[in-house]
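Undergrad: Each chain, written out:
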Amino acid sequence: MGDPLFSNGVGLAVWIIVVVKVLLAFGFLMVSVMLMIWFERKVISDMQNRIGPNRAGPFGILQTLADGIKLFFKEDLMPDKADRFVFKLAPYLTVLPAFLIFTLVPVGGVVTIAHHVVELQVADPPMGILLLLALSSVAVYGTMLAGWSSGSKYPLLGSVRASAQMISYEAAMGLSVAAVILESHSLSTRAIVAAQAPHFWDWGVFRTGVVPFLVFFVAVTAELNRPPFDLTEGEQELVGGFHTEYSSIRFALFFLAEFMNAITMSAIMVTLFFGGPDGPGFHFVRWLWPILWFLGKTLVFLYGYVWIRAALPRLRYDQLMDLGWKRLIPLSLGWLLVIAATSINAVWGFSVLGGGIVAAGVLYQSLRVSSRRREALAMEGGLGRAGRLASHQVQLRSVPDGPGAPVVTGGGTSEGGGS
Amino acid sequence: MGSLDSYIPIFLLIVLGIAFAGLSFVGSRLLAPQRPTAAKEAPYECGIVPTHEPSSRFPVRFYLVAMIFIIFDIEVIFLFPWAVVFRQLHTFGLVEVLVFAAAVFVSFVYLISNGALDWGPIKRIRPVATADEVRTTASTVRRHGSPGASGEAA
Numbered sequence: 001m002g003d004p005l006f007s008n009g010v011g012l013a014v015w016i017i018v019v020v021k022v023l024l025a026f027g028f029l030m031v032s033v034m035l036m037i038w039f040e041r042k043v044i045s046d047m048q049n050r051i052g053p054n055r056a057g058p059f060g061i062l063q064t065l066a067d068g069i070k071l072f073f074k075e076d077l078m079p080d081k082a083d084r085f086v087f088k089l090a091p092y093l094t095v096l097p098a099f100l101i102f103t104l105v106p107v108g109g110v111v112t113i114a115h116h117v118v119e120l121q122v123a124d125p126p127m128g129i130l131l132l133l134a135l136s137s138v139a140v141y142g143t144m145l146a147g148w149s150s151g152s153k154y155p156l157l158g159s160v161r162a163s164a165q166m167i168s169y170e171a172a173m174g175l176s177v178a179a180v181i182l183e184s185h186s187l188s189t190r191a192i193v194a195a196q197a198p199h200f201w202d203w204g205v206f207r208t209g210v211v212p213f214l215v216f217f218v219a220v221t222a223e224l225n226r227p228p229f230d231l232t233e234g235e236q237e238l239v240g241g242f243h244t245e246y247s248s249i250r251f252a253l254f255f256l257a258e259f260m261n262a263i264t265m266s267a268i269m270v271t272l273f274f275g276g277p278d279g280p281g282f283h284f285v286r287w288l289w290p291i292l293w294f295l296g297k298t299l300v301f302l303y304g305y306v307w308i309r310a311a312l313p314r315l316r317y318d319q320l321m322d323l324g325w326k327r328l329i330p331l332s333l334g335w336l337l338v339i340a341a342t343s344i345n346a347v348w349g350f351s352v353l354g355g356g357i358v359a360a361g362v363l364y365q366s367l368r369v370s371s372r373r374r375e376a377l378a379m380e381g382g383l384g385r386a387g388r389l390a391s392h393q394v395q396l397r398s399v400p401d402g403p404g405a406p407v408v409t410g411g412g413t414s415e416g417g418g419s
Numbered sequence: 001m002g003s004l005d006s007y008i009p010i011f012l013l014i015v016l017g018i019a020f021a022g023l024s025f026v027g028s029r030l031l032a033p034q035r036p037t038a039a040k041e042a043p044y045e046c047g048i049v050p051t052h053e054p055s056s057r058f059p060v061r062f063y064l065v066a067m068i069f070i071i072f073d074i075e076v077i078f079l080f081p082w083a084v085v086f087r088q089l090h091t092f093g094l095v096e097v098l099v100f101a102a103a104v105f106v107s108f109v110y111l112i113s114n115g116a117l118d119w120g121p122i123k124r125i126r127p128v129a130t131a132d133e134v135r136t137t138a139s140t141v142r143r144h145g146s147p148g149a150s151g152e153a154a
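Residue numbers (my numbering), protein chains in the order written: chain A, 1 to 419; chain B, 1 to 154.
Incorrect hints may appear among the rest.
Claimed, not checked - With a straight-line Cα cutoff of 20 angstroms, these simulated SDA-like cross-link-like pairs (lysine to any residue) come out:
{"hint": "1", "chain 1": "B", "residue 1": "Lys40", "chain 2": "A", "residue 2": "Met78"}
{"hint": "2", "chain 1": "A", "residue 1": "Lys153", "chain 2": "B", "residue 2": "Arg57"}
{"hint": "3", "chain 1": "A", "residue 1": "Lys326", "chain 2": "A", "residue 2": "Glu375"}
As the list claims (entries may be wrong) - Looking from chain B toward chain A, a few residues come up when the C-beta cut is under 8 angstroms (computed):
{"hint": "4", "residue": "Ile18"}
{"hint": "5", "residue": "Thr91"}
{"hint": "6", "residue": "Val97"}
Simulated from the structure, these hints should not be mistaken for lab results.
Predicted model only: the values in this text are computed from it and were never measured.
A virtual CB, placed ideally from N, CA and C, is assigned to each residue, including glycine.
One chain only, chain A, in its complex shape (with noise of 0.2 angstroms):
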């Protein structure tokens, strides 16, 4: 149970593992969030047709470092409406759940250093998954707060958009990760890996259905406001969305968070399906092969998550609700309780699926009523202004037997009275 590091007492030896440990992951993800940046600009400019950036370094690959040098030298702007405590603090609140979520993930096996049992991981508390989920909360109180404290419109509007949206999606993407956690019995991460092993067929995307997977993989791409969920900082309505008044490095920090939280959910998303660092090996340098196939899975997510960008248009903010609330929650609490239920016998199993259609068919129902209350206030004349005026000049103008029948018209999003 537990780090076995920290088994003996934790001595000078272990300390500087420790320390060593905690510099290395902090160098790898500094290094893999420059070389995701330049990734991401190369890939999406090679399926646009475009050459992207080919100047700084061989091939561009300096060119995300060249921007980072280029944002120290940009003058630090704060717009005199902020709050100045907030508006300071928020990057940091941002910045540090990314590095920490990090921390859990298992790169690669065991290795013995000066007798020594060192996981090839930063920390595994026995709560992984619960820090996990803690952590990616925190950094709903980054945005926020960055974009509360601006004293600007466009800000706050992004902020409590992005806010809505995080907390909306953190409730399936527990229900999901809850299905992997009946299979490994194990908050720990490194023990959900473990009962992963040894066959691929073993893997949670596999023995939970696949259902889970994709669940944590739509709500974590609107976690982390990736497109096509990024209505946080929608161009077209928003200009930057939380970020606006952000320059200089704080807008660099940002910047580096929304990438870092990329790769470590990729990470994640591989150490909770994929098996994490599992896969054939060879007899020589044993301890590298598992961690080139923890990279490599988790390349292939990163370049799922740039494909996504490149593919997909954005929702309209109600669809993303809906997709949320109505169908993923439901979706992924009935396919635990099935995969609970035939993991005991398969009459359980039979059962609890015919009572999850039922309840399909109640939910439904509840959506069907739901509309109809929505076209029933429409003739009320909705909950607007705008709607009782439309309803009055209908009472005052229709006859009898004339041809002055309503119309409903479609809920366009300009004129809209309620919400």
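Position chain B relative to chain A; hints supplied.
TA: Leaving out everything else, chain B in the frame of chain A:
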């Protein structure tokens, strides 16, 4: 040793992260110019001079979502310890969580059918302004060759 030992690397990384962010602020302070003007410090408005304060009121839906989120987040947190010990609890655990999930599901259905999770503007009726009995198609449409077509009805 204490069970908190396995959190040592996390605390170290917190320190390192804060140090990194702090040092980059210091670096930026040393390297970047500081020439603020009124225009630079004004809130961003796409070039227009701002006339209104940003609103301090939001659509109540956002608060509603935050409240409903608490229900589901607590449900999820309950499910984690249950999932860890599910193998020991066996059938008892399943029945228990089915009852729990049913209770949550009923409240979920209630929320949806009440419209608590609906977004976007409500569709509204646009009145059709044809209710005037004097002006009908017979009185307003002039037909070629009919009486009055030569100009008096204009």
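Undergrad: Look at each hint and say if it fits the structure.
TA: Verification of the hints:
no.: 1; hint: B:Lys40 - A:Met78; verdict: 8 angstroms, holds
no.: 2; hint: A:Lys153 - B:Arg57; verdict: 12 angstroms, holds
no.: 3; hint: A:Lys326 - A:Glu375; verdict: 19 angstroms, holds
no.: 4; hint: Ile18; verdict: 7 angstroms, holds
no.: 5; hint: Thr91; verdict: 6 angstroms, holds
no.: 6; hint: Val97; verdict: 7 angstroms, holds
Comparing the model with each earlier hint shows no violations; every hint is respected.
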